[in-house]
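Here the protein sequences come in this chain order: U and W. For the record, in the first sequence the residue sitting at position 354 is 354 according to my numbering, with numbers rising by one throughout. If you want my numbering, it's the 1-based position in the second sequence plus 1000.
Hints may contain errors.
To be verified - Reference listing, derived: stretches of chain U covered by chain W, where coverage requires no fewer than 3 residues with Cβ under 8 Å from a Cβ of chain W:
id	region
1	62 to 70
2	117 to 127
3	231 to 244
4	490 to 502
Rather than coming from a laboratory, the hints here were simulated on the basis of the structure. Glycine residues also receive a C-beta, built at the ideal position from the N, C-alpha and C atoms.
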Amino acid sequence: MRSIRTRREGPSRARRLAPAALAACAAGLLAVPLGCSQALPGPLPSAHGDDAPPRRGGTLHLATFADIRGLDPAGPVDGLNLAVIHLIFAGLVDYDAHANPVPELADHWDIEDGGRTYRFVLRQGVRMQDGSELTAEDVKRSAERALRPSTPDPMASYFQAIVGYDAFAAGKAEHLEGVVVEGRYIVSFYLKEPDATFLYLMAMHTLRPTCKSAGDRYLDTWLPCGAGPFKLEPGGWQRGVSLRLVRHGGYFRPGQPYLDAVEWTYHMGSIAQKLRFESGQLDVARDLSEPDIARYRADPRWNALGLFEADTTVYGESMNTRMPPFDNVEIRRAVAAAIDREHYRLTQPNRISVLNQALPGAIADADPSFPAQRHDYAAALEHMRKAGYPYDPATGKGGWPRPIEYVLYDKGAFVFTAQLLQQDLARIGLRIRLRLVSYPTFITLQERAGAAAMSPGNDQLDYLDPSAVFEPLFTTASISPEGTQNTAFYSNPRLDDLVARAHREMNPAARKALYREADAIVCDEAPWAFTFGYHFFDVHQPYVHGLGANPTGVFDTSGVWLDRAGDALDRVLDGGLR
Amino acid sequence: MSRLLRRLAWSAFVVWAVVSIAFAVNALVPGDPARMVAGAQARPADVARIREQLGLNATPLVQYARFWKRLVHVGPRIIDPKATSDHATCAVLIPLGRSAVHLDFGKSFQKRQAVVDLVAVRLPRTFALAVAGMLVQLLFGVATGVVAATRRGSWLDRLLVGSSLLGISAPTFLIALLLQYVFARELGWLPLDGFGKTVAEHARCLVLPAVTLGVYGAAYYTRLVRDEMAVLLQQDWVRTARAKGLSPMRVVLRHALRNALLPITTAAGLDFGALMGGAVVTETVFRWPGLGELSVEATFDRDGPILLACVVVTSVAIVASNLLVDLAYSRLDPRVR
Chain U
1 MRSIRTRREG PSRARRLAPA ALAACAAGLL AVPLGCSQAL PGPLPSAHGD
51 DAPPRRGGTL HLATFADIRG LDPAGPVDGL NLAVIHLIFA GLVDYDAHAN
101 PVPELADHWD IEDGGRTYRF VLRQGVRMQD GSELTAEDVK RSAERALRPS
151 TPDPMASYFQ AIVGYDAFAA GKAEHLEGVV VEGRYIVSFY LKEPDATFLY
201 LMAMHTLRPT CKSAGDRYLD TWLPCGAGPF KLEPGGWQRG VSLRLVRHGG
251 YFRPGQPYLD AVEWTYHMGS IAQKLRFESG QLDVARDLSE PDIARYRADP
301 RWNALGLFEA DTTVYGESMN TRMPPFDNVE IRRAVAAAID REHYRLTQPN
351 RISVLNQALP GAIADADPSF PAQRHDYAAA LEHMRKAGYP YDPATGKGGW
401 PRPIEYVLYD KGAFVFTAQL LQQDLARIGL RIRLRLVSYP TFITLQERAG
451 AAAMSPGNDQ LDYLDPSAVF EPLFTTASIS PEGTQNTAFY SNPRLDDLVA
501 RAHREMNPAA RKALYREADA IVCDEAPWAF TFGYHFFDVH QPYVHGLGAN
551 PTGVFDTSGV WLDRAGDALD RVLDGGLR
Chain W
1001 MSRLLRRLAW SAFVVWAVVS IAFAVNALVP GDPARMVAGA QARPADVARI
1051 REQLGLNATP LVQYARFWKR LVHVGPRIID PKATSDHATC AVLIPLGRSA
1101 VHLDFGKSFQ KRQAVVDLVA VRLPRTFALA VAGMLVQLLF GVATGVVAAT
1151 RRGSWLDRLL VGSSLLGISA PTFLIALLLQ YVFARELGWL PLDGFGKTVA
1201 EHARCLVLPA VTLGVYGAAY YTRLVRDEMA VLLQQDWVRT ARAKGLSPMR
1251 VVLRHALRNA LLPITTAAGL DFGALMGGAV VTETVFRWPG LGELSVEATF
1301 DRDGPILLAC VVVTSVAIVA SNLLVDLAYS RLDPRVR
């Protein structure tokens, strides 16, 4: 007999089960996207083997987590737009795989007058993207356009060694005296003094030749046009959304580029990149989260498809040498010895590498005998004793009597490394108080004299030469009351002399020796406790070929070609994300 | 009429005050916009040149005066964007024969584009998202609120109220990720994110962000409508309406719900104004290129012209939606007239 339920019998079955069902649904919904137990999908196959010759055609799909600022080599740059600028604009000079300057649009060059004259002989028959031929006049016009005082070029002063720069930059001269056209294909740069860094400067984006449509004045509305392997067509850039470059048919390297087009999607977070990469909508994933990188690296199907990009950054703990307690060199040495850099590395093991000297991995001289900064707890305590602030780890007594303010902003590994620093320094009697501020505030405080005793320092090499580290970060000349680049306010006449001599020294071996001595000085006197270098990790589908680590750290797709198997394409068309 | 004029004057004052405060805050907080343009590694000489180019060497008071002088002014009817004239960054607001009233937010420090162009591109996208989001919020919120109120104490009521608690408590980004996972990745019905290139693609791309906003907002409206309706359904006049033999549906929708519309309208007006400022998280997760994303970027970059333009647009939107709410009151409730 069926019972008739009354309200007195208690809640109905549905009512009793409702909370449990709700909880189960919520838990399920939360757990599924986390995908803790989900295996990675397999790579999409390549049509041919790795030894197959390059194939033409196809579009390479890429994404980045943020937007780019602009595409003019004479305008502001960021970490993302350089990859695009390098595809649109070729330079007179580029780097080989070992970070040595090699000719690109230049056929060759001659260095004369002890390093005061750089004469570039251009390749003949190079076609710009507007169809015109590259001439020495284009090089001069592009240089003047970039260095003109009305141009928002943040790197113009790097070229102040050119004769006539000061008058030109002040608007007192119509032309740059030191850039001289000496023939249809010959252009010379005359410098005020010998400069061994000039080829590296020419490999930067700033003076890359522009089409005649650029004119001799910077204009925001100009459609970027150069001599690189890819060109931007009108409407190809939807700001903040996407960018599409298409093959420059007249590119000077025969048969290249292989791709029909390269497309970037902007503002795509790491999760969206991962999902699109797995479905074949992205060919390369560059901004994966650290756990995802670990998963890809642990998967034998994907491990060989990962690529570590070049390490061109220097990170360290910058100590203001004009503020206590860091005006005491022994305290700085104690900090440099107290930091366990391996712990720093473990915060992002796939992107961070241990750094214990001033030069990053891309240009460091891997010499184990070099007197680099090393973690040595006993030595750190000894330096504290020499500084006059001995610390007893057993009792916790001694050390610097007041807390030291450490200014940082919330980005990347800093919030984690700052806490590691706190722990490491507490063990030698230095108490760090963290002050978290916004990035603009951080920059202001760090670059103002007397505003920040300690802060995380970082430097991305603008060009692959030791001068790009030592000159801005550690020389007296780069100190200024506001906006200093020498955030440690470190001054050492011996180091200044070494760096200045190295800047002029044209003999590579002698130059290397000078920088080695300079590196040893900053490692010993420790205006920075060097901590880590940073590199991107990319993972690509097997059908993406020719993707190699560029020594500059700029993501380089100029030599990429695609060989996608049909079934992979079908999978994308039929079952992929739309 | 005089009441409307008074409201308009007050609205103009509010916009002026909000923008002025935003200007002051932007000028006072530490951080050099020129440094942000030049990059952390630029040399002081290059930063100084860029600061000069951006007009940041002038005192904040002079910059403030320039901002208001430029914001709305009279200029030529036709603007040549290529010209390097003073009007290159303007847009025509009101044509006046050969001349016109111009709107000019200046040029973005970072993007080096006329801000009025950036806003003109992004505002319709944010408007579309705000309207779609509000529709989802109101449709779901009011419907579930009414159902919950009429089934008060039942399992359905508890389910709806419990779900609304979940909707209010869950962070927007989590809702967004769940929707992306289910509807884009697993089912493949909708795009994961993006904006699309055609109107149809825009519409498809709009669904998930609108539902994300809808889920969050609908939860709030569910509780609001339920509570309002629960009180109203106990009123004597409702009992009278029932006693007169009106159908339950008619009593609920025609009598009770109509009386519950005042607080709903107030809340919806405020919410819509806020959404017009940009649903930052939703826009970011779904890569919906609207004002929210733009204003966040501008904040991090200390891009003053964009920041102030976003403040102007947001404050005008909030003030306008409040004004509309006030006007709607008089239509909904004759006692307010």
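Numbered hints the structure breaks, given as an ascending list: Of the numbered hints given earlier, those the structure breaks are 2, 4, listed in rising order.
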